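Engineer: Sequence:
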Amino acid sequence: MSIGILGRKVGMTQVFDENSVMIPVTIIEAGPCPVVQKKTIETDHYNAIQLGFLDQKRQRIRKPNLGHFDKVKVPPKRYLREIRLDDTEIQQFEVGQELKADLFELGEYVDVTGFSKGKGFTGVVKRWGFAGVSSLTHGSHEYFRHGGSVGSATTPGRVFKGKKMPGHKGDERVTIQNLQVIDVRPDQNILLIKGAVPGPQNGLLIIRKARKKQKKA
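Here the sequence shown is numbered in the working numbering, starting from 6 and rising by one per residue.
Calculated from the structure, these hints are not laboratory results.
All figures in this text were calculated on a predicted structure; none of them were measured in a lab.
Treat the hints loosely; a few may be bogus.
To be verified - With a straight-line Cα cutoff of 35 Å, these simulated DSBU-like cross-link-like pairs (lysine-lysine) come out:
no.: 1; residue 1: Lys105; residue 2: Lys166
no.: 2; residue 1: Lys62; residue 2: Lys105
no.: 3; residue 1: Lys174; residue 2: Lys218
no.: 4; residue 1: Lys199; residue 2: Lys174
no.: 5; residue 1: Lys76; residue 2: Lys124
no.: 6; residue 1: Lys199; residue 2: Lys218
no.: 7; residue 1: Lys166; residue 2: Lys131
no.: 8; residue 1: Lys43; residue 2: Lys78
no.: 9; residue 1: Lys76; residue 2: Lys43
What the hints assert, rightly or not - With beta-carbon atoms standing in for the labels, derived distance ranges:
no.: 10; residue 1: Asp92; residue 2: Asn24; range: 25 to 31 Å
no.: 11; residue 1: Arg63; residue 2: Gln193; range: 24 to 30 Å
no.: 12; residue 1: His50; residue 2: Asp176; range: 30 to 36 Å
no.: 13; residue 1: Lys78; residue 2: Thr45; range: 18 to 24 Å
For every residue, glycine included, the Cβ atom is placed at its ideal position computed from N, Cα and C.
Whole structure, please, built from the sequences with the hints as guidance.
Structural biologist: The following block contains the structure:
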């Protein structure tokens, strides 16, 4: 488990390091995220903190959720997400505490989770990278981007589960690991992350401390 924060993808730009090398970065509005609820093994059988992100008008929040926010005296938030923690990490946080961009340090590595852009209904060439029909002669009419046969008339005489076929592409939960933090601007709640992150502009992101890589020396 690793602590994280909620954020919003602002867009992409580029910065230059001390050697004038161009670095593509993603601008992320990270926090502030108040701790709305604290869950422990004793009460909920697992350890987690529930974070809120982005203010929302009270009339747009359902009454049960309004009571949830009012109980801990936190303004209504548009997003609520849980971050799982270990026994030792959960002790560091209390309800009402705010997590901000300064949770991360310059040069640190993070894992970013978001939902990829939806591409709608696509065929097997775009969705799975099929080559299509190799031979465009000898009677191949209107049959260039098809998937070919999908089953067999003999045993077992059915289509196997998991067969790559046309369908909905994108709009899936994706995690990109080991992205380096290029800059932290706590006064603006801004993180600059090297490289691209999943999702469209203004898409919700979960930024966690990397589990597989340590801070660059």
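Engineer: If a hint holds in the structure, say so; if it does not, say that too.
Structural biologist: Verification of the supplied hints:
1. Restraint check for Lys105 and Lys166: the C-alpha separation of about 45 Å exceeds 35 Å, so the hint is violated.
2. For the given pair, Lys62 sits about 22 Å from Lys105 by alpha-carbon distance, which is consistent with the 35 Å threshold.
3. Taking the CA atoms of Lys174 and Lys218, the gap is near 30 Å; set against the 35 Å cutoff, the hint holds.
4. At roughly 26 Å between alpha-carbon atoms, Lys199 and Lys174 fall within 35 Å of each other, so this suggested pair holds.
5. A threshold of 35 Å between alpha carbons decides the hint, and for Lys76 with Lys124 the separation of about 41 Å lies outside it, so the pair is violated.
6. Restraint check for Lys199 and Lys218: satisfied, since their Cα atoms lie roughly 15 Å apart, inside the 35 Å limit.
7. Straight-line distance between C-alpha atoms of Lys166 and Lys131 comes to about 20 Å, which keeps the hinted pair within the 35 Å bound.
8. The suggested pairing of Lys43 with Lys78 holds, with an alpha-carbon distance near 14 Å, which does not exceed 35 Å.
9. For the proposed pair Lys76 and Lys43, the alpha carbon gap of about 13 Å is at most 35 Å, so the pair holds.
10. Range check, Asp92 to Asn24: about 43 Å between beta-carbon atoms, so the 25 to 31 Å window is missed.
11. A C-beta distance of roughly 27 Å is found between Arg63 and Gln193, which places it inside the suggested range of 24 to 30 Å.
12. The beta-carbon spacing between His50 and Asp176, approximately 31 Å, falls within the hinted interval of 30 to 36 Å.
13. In this structure, Lys78 and Thr45 meet the distance hint of 18 to 24 Å, their C-beta atoms being roughly 20 Å apart.
Checked against the numbered hints listed earlier, the structure breaks hints 1, 5 and 10; every other hint is satisfied.
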